[in-house]
Amino acid sequence: ERNQADVSEAKAGRTDLIFLIRFRHCCLLRNQRCILAYLYDRLLRIRALRWEYGSVLPNTIQFHMSAEEVEWFNRYKKSLATYMRSIGGEEGLDLTQDIKPPKSLYIEVRCLKDYGEFEIDDGTTILLKKNSQHFLPRWKCEQLIRQGVLEHIL
Amino acid sequence: DSDAGSEELVLTPAELIRSLEQAWLNEKFAPELLESKPEIIECVVEQLDHMEANLKRAKKGDLKVSVHRMEIERIRYVLSSYLRCRLVKIEKFFPHVLEKEKSRPEGEPSILSPEEFAFAKEYMANTETYLKNVALKHMPPNLQKVSLLKSVPKPNLDSFVFLRVLERQENILVEPETDEQREYTIDLEEGSQHLIRYKTIAPLVASGAVQLI
Chain G
-13 ERNQADVSEA
-3 KAGRTDLIFL
7 IRFRHCCLLR
17 NQRCILAYLY
27 DRLLRIRALR
37 WEYGSVLPNT
47 IQFHMSAEEV
57 EWFNRYKKSL
67 ATYMRSIGGE
77 EGLDLTQDIK
87 PPKSLYIEVR
97 CLKDYGEFEI
107 DDGTTILLKK
117 NSQHFLPRWK
127 CEQLIRQGVL
137 EHIL
Chain X
5 DSDAGSEELV
15 LTPAELIRSL
25 EQAWLNEKFA
35 PELLESKPEI
45 IECVVEQLDH
55 MEANLKRAKK
65 GDLKVSVHRM
75 EIERIRYVLS
85 SYLRCRLVKI
95 EKFFPHVLEK
105 EKSRPEGEPS
115 ILSPEEFAFA
125 KEYMANTETY
135 LKNVALKHMP
145 PNLQKVSLLK
155 SVPKPNLDSF
165 VFLRVLERQE
175 NILVEPETDE
185 QREYTIDLEE
195 GSQHLIRYKT
205 IAPLVASGAV
215 QLI
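Protein chains in written order, with my numbering: chain G, -13 to 140; chain X, 5 to 217.
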């Protein structure tokens, strides 16, 4: 507002104020740029969270987000889900899977929590109990690995 | 086995996967978002569904099952990687991508599929609303608008890329980088590999005359 007051005075004839006005305006623009850069950078990190953690964010992270950021996140994941559903046939293609090129068909996994029964392709069921180890098909495990139920042992 | 939609070409599965891989590599190494290839995506998805259906019917314990399963995984990875790469570029350059699409002349192929276009618009609206509500509306009146087109960085078309020449090209004009240099022309021999500024060969990537590596 200070600047505006000076602007009207300058228009009224006090030309020596022009430099002050321009200087203040530059400061204001710089502040605006810094604020927007900071906020935008946070958005980019929140976006990365969707790709890393999935649709549901851990509470500790949500605690650090403002209400508007949570809203942005929800809209982003909805937009992303709509897009992923539109490609790849009926169910869509989950682009957050298959992040790395597949190296082998079966992988060794360790169970981190009690999950219960798990059926694999040839009909057999496996009981996933905490700390049990299994040699399972990769594509079946990917979902559970991201949820934190299984751990890939390299 | 698979038809390329309503267009004239009928590609064998091997050729289809070849074009997917080419599109994937080009998209990976190009600094800007390339033309969208809905036909390839549609056919690959169809191919994957076809292979999955075959696998379900196959005898259990058949050795071929493992090999085909691996093949499906590999193809799915390439497809996902390709689409992910495009999404990353769309999000990174969203105001420019949308502007380019809006000012596209009739008849020129689109760089965005309809779904990608919807996604890009939603992304822009989402981000604009957020910035407005959190920061801009609290600012003095003359600072409340910000041009995302000017603030978000543009893709660097001058970045250098490696390429392999697929079709012989003659008289490609290379513009000078500094004031001391002058422009000159080069010929690209088939099979040769080069390191060159993307801007110079951008149209060749689009036409398929060169392959980025």
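No lab work stands behind these hints, which were simulated from the structure alone.
Glycine included, C-beta positions come from ideal geometry on N, C-alpha and C.
There could be a bad hint or two in this list.
The following label-pair restraints were derived from C-beta to C-beta distances [what the hints assert, rightly or not]:
id, chain 1, residue 1, chain 2, residue 2, range
1, G, Ala67, X, Pro159, 21 to 29 Å
2, G, Lys115, X, Ser70, 25 to 33 Å
3, G, Ile47, X, Lys154, 54 to 62 Å
4, X, Gly195, G, Glu94, 41 to 49 Å
5, X, Glu171, G, Phe49, 50 to 58 Å
6, X, Lys60, G, Ile131, 33 to 41 Å
7, G, Ile131, X, Asn146, 27 to 35 Å
8, G, Lys64, X, Glu174, 25 to 33 Å
So, going through the hints one by one against the coordinates:
At about 27 Å, the CB distance of Ala67(G) to Pro159(X) agrees with the hint of 21 to 29 Å. Between Lys115(G) and Ser70(X) the C-beta distance comes to about 28 Å, which sits within the given range of 25 to 33 Å. Distance hint check: the CB atoms of Ile47(G) and Lys154(X) are about 32 Å apart, inconsistent with the given range 54 to 62 Å. Look at Gly195(X) against Glu94(G): about 44 Å separates their beta carbons, and that is inside 41 to 49 Å.
Separation of Glu171(X) from Phe49(G) is about 57 Å and conforms to the stated range, judged on CB atoms against 50 to 58 Å. Checked against the hint of 33 to 41 Å, the pair Lys60(X) and Ile131(G) fails, with Cβ atoms roughly 24 Å apart. Between Ile131(G) and Asn146(X) the CB atoms are about 52 Å apart, so this pair departs from the stated range of 27 to 35 Å. A C-beta distance of roughly 50 Å is found between Lys64(G) and Glu174(X), which places it outside the suggested range of 25 to 33 Å.
In terms of the numbered hints stated before, the structure departs from hints 3, 6, 7, 8, listed from lowest to highest.
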